[in-house]
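So you can see what is in the structure, the chains are spelled out below.
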Amino acid sequence: MASERDASWIDGDADLAAINDLVVATVQSPRTRRSWLRALALTGGGVLALLVAVFAVFWWYVGIWGVDTPVYWGIAITNFVWWVGIAHAGTLISAILLLAGQPWRRAINRFAEAMTLIAIACAGMYPLLHLGRPEFFYWLLPYPNTYGYWPQFLSPLVWDFFAVATYGVTSLMFWYIGLVPDLATMRDRSTGMRARIYGVFALGWRGSARHWERHQTAYLLLAGLATALVVSVHTVVSFDFAIAQLPGWHTTVFPPYFVAGAIFSGFAMVLTLLIPVRAWLGLRALVTDRHFDLCARLMLTAGLVVAYGYAAELFFAWYSGDPHERELLASHLHGRSAPLFWTLISLNVVLPQSLWWPAARRSVGWLFVLSILINVGMWLERYFIVIGALEHGLLPTTGGAYWPTFWDWLTFVGTLGFFAFFMLLFLRFVPALAMSELRELVPDRPRGAT
Amino acid sequence: MSPLRGLLAEFSSAGEVLAAVRAARRAGYVALEVFSPFPIEGVAAALMFRTRLSRLTFIAGLLGGAAIFLFQAWVHAIDWHLDIGGRRALAAPAFIVPTFEVTILAAALVTVFAMFVRNGLPRLHHPLFAVPAFARASQDRFFLLVGAEDPRFDAAVVRTFLAGLAPLEVHDVPR
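The listed protein sequences correspond, in order, to chains A and B. Under our numbering, the residues of the first sequence are numbered 1 to 450, in order. Under our numbering, the residues of the second sequence are numbered 451 to 625, in order.
Please keep in mind that the hints were generated in silico from the structure rather than gathered at the bench. Predicted model, so just to flag it, every value in this text is computed and none were measured. You may find that some hints are simply not true.
[As the list claims (entries may be wrong)] Some chain B residues near chain A, calculated using beta-carbon distances under 10 Å:
#1 Leu454
#2 Val471
#3 Ala473
#4 Val480
#5 Pro487
#6 Leu503
#7 Ile509
#8 Leu574
#9 Ala580
#10 Arg591
[What the hints assert, rightly or not] Per label pair, the in silico range of CB-to-CB distance:
#11 A:Phe58 x B:Asp533: 50 to 58 Å
#12 A:Asn145 x B:Arg538: 20 to 28 Å
#13 A:Ile243 x B:Phe508: 27 to 35 Å
#14 A:Ile197 x B:Ile534: 22 to 30 Å
#15 A:Leu157 x B:Pro577: 51 to 59 Å
#16 B:Leu574 x A:Gly44: 50 to 58 Å
#17 B:Arg505 x A:Phe406: 20 to 28 Å
#18 A:Val169 x B:Phe508: 17 to 25 Å
[Claimed, not checked] Partial pick of chain A residues on the chain B-facing surface, computed with a CB cut under 10 Å:
#19 Asp15
#20 Leu40
#21 Ala100
#22 Tyr149
#23 Trp150
#24 Arg189
#25 Gly192
#26 Leu225
#27 Val236
Glycine included, each C-beta is placed from N, C-alpha and C at the ideal position.
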């Protein structure tokens with residue numbers, strides 16, 4: 001689109017070859033090989049930790065986690081909500097910003113989508129491990145069986161399964177069809193075995209006008225469908241809580257508040273990853289400080305909705321007059337859970353207000369620090385929602401305390417390692433920026449025969 | 451039958467190839483195809499090509515959603531009714547979440563598969579890949595192909611015609 005080209009998201013001198021060279025170099029150049037191998041070895045340790053933690057759950061079942069009456073949902077569910085939330089920013093950048101005609105998304109959408117996919121994989125593990133009998137996870141699928149039973153479709157667990165599975169499959173397809181033209185570029189710029197491997201995954205893409213027309217139509221349709229997922233997946237996740245009767249969970253503000261929280265934490269994770277990766281791979285020409293500025297604005301916007309969510313939750317706890325809700329509120333404001341509550345308020349509500357100042361949005365260092373603090377804050381928020389409410393209950397006798405065990409933490413550290421490990425593999429083997437989409441931003445001008 | 455599969459003119463910009471395809475249409479050629487490293491607006495229209503993929507997406511979503519809704523109703527009302535405190539068997543609002551998700555899943559799966567199938571992909575080998583310069587179709591060059599199946603195809607005439615469009619080069623595509 002002409003108007004998109006005018007936006008000058010690409011350096012005036014950059015031509016198609018320059019974009020190709022820059023992005024292909026991130027995959028083919030050995031400049032980062034040593035540091036990449038070191039990082040891979042380190043995060044590979046995390047993957048091993050995850051394997052051990054998962055094996056332990058299969059062997060001893062969830063009793064090794066800190067979960068016990070009345071706190072049946074430990075940090076496994078906190079981690080699930082946190083990881084699914086992180087995934088949302090990738091889909092928002094790819095789908096909603098595509099529909100909104102935002103050209104700047106083209107420099108970061110591939111990266112953010114990869115983040116989405118791996119975050120969904122991390123998230124998906126937790127509810128399955130948390131089933132108690134994880135080897136029977138496939139009972140959630142409605143398939144004909146000799147027991148003659150079906151999944152309970154009235155249960156939020158089954159809704160979750162449908163939502164996360166749809167999200168995972170759709171995100172994978174969205175990412176892959178966007179990737180096919182770039183895999184063709186990799187095929188055409190590689191030789192030998194690499195060319196063959198890229199060739200197989202490029203499926204024989206030739207870039208014909210008819211191919212492109214169907215491809216772009218499919219891409220746009222998928223963007224529309226994925227947009228519905230951005231707002232629906234975390235809504236369904238919030239139903240896990242809001243459908244229950246427990247004080248602190250049973251509120252109507254949960255769905256929008258969860259969706260905003262997802263986008264908030266997702267943009268924080270995009271910045272946490274993209275800031276070091278940009279420097280590491282030398283992509284400053286394509287991923288500019290303006291991109292970070294815009295991510296920060298979206299993060300601030302989502303953060304304000306999250307702040308509204310906190311306010312609404314507290315207000316309605318008080319306004320409902322329900323003694324259990326009020327007791328929980330008192331605990332949050334100046335009781336047992338107060339230190340946690342005020343920490344997450346400062347991390348998620350107070351500190352992000354700095355983004356109103358342009359200087360803060362342009363300071364890459366501050367954005368990096370802030371994004372990590374928000375990641376921590378949003379994890380604490382989910383911990384607070386899951387465990388804070390379960391520790392209270394409706395009667396004094398249903399009170400109890402929860403402390404994560406070594407295995408809880410090992411599983412969490414394991415998924416962090418798993419996430420970083422697969423992000424590193426992605427950066428090494430797949431063009432991290434959508435070349436075919438960036439090419440459209442280059443001013444079209446004929447060049448002499450070369 | 452021509453020993454060629456067609457002739458391929460190579461251009462350095464999207465604007466040039468768009469002008470070339472329009473000129474070729476005006477000259478009466480119909481077996482045309484354009485290859486480019488990114489989608490060019492207007493080329494599909496110049497080739498008189500339209501895709502009906504979106505209809506398929508709509509139908510797939512509709513069918514997928516209807517199927518899972520009816521399935522849930524059948525499971526809970528007929529096949530395996532659990533009476534829990536006399537609650538309604540046909541709890542339609544509770545069926546909405548899987549219905550919504552499967553609508554999207556079916557629409558997305560059918561869209562992607564239909565896109566690949568209609569594009570004739572995967573097809574790992576193609577005669578065009580025999581032209582060495584064609585490797586740049588995925589990078590920074592733009593190509594116009596006049597296919598040998600065109601009723602007006604005559605290699606010498608087409609070569610002259612394409613040369614008149616000021617391409618960087620005209621390549622033979624071997625059969």
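Tell me the numbers of any earlier hints that the structure contravenes, in ascending order. 1, 3, 4, 7, 9, 11, 14, 16, 17, 20, 21 and 25
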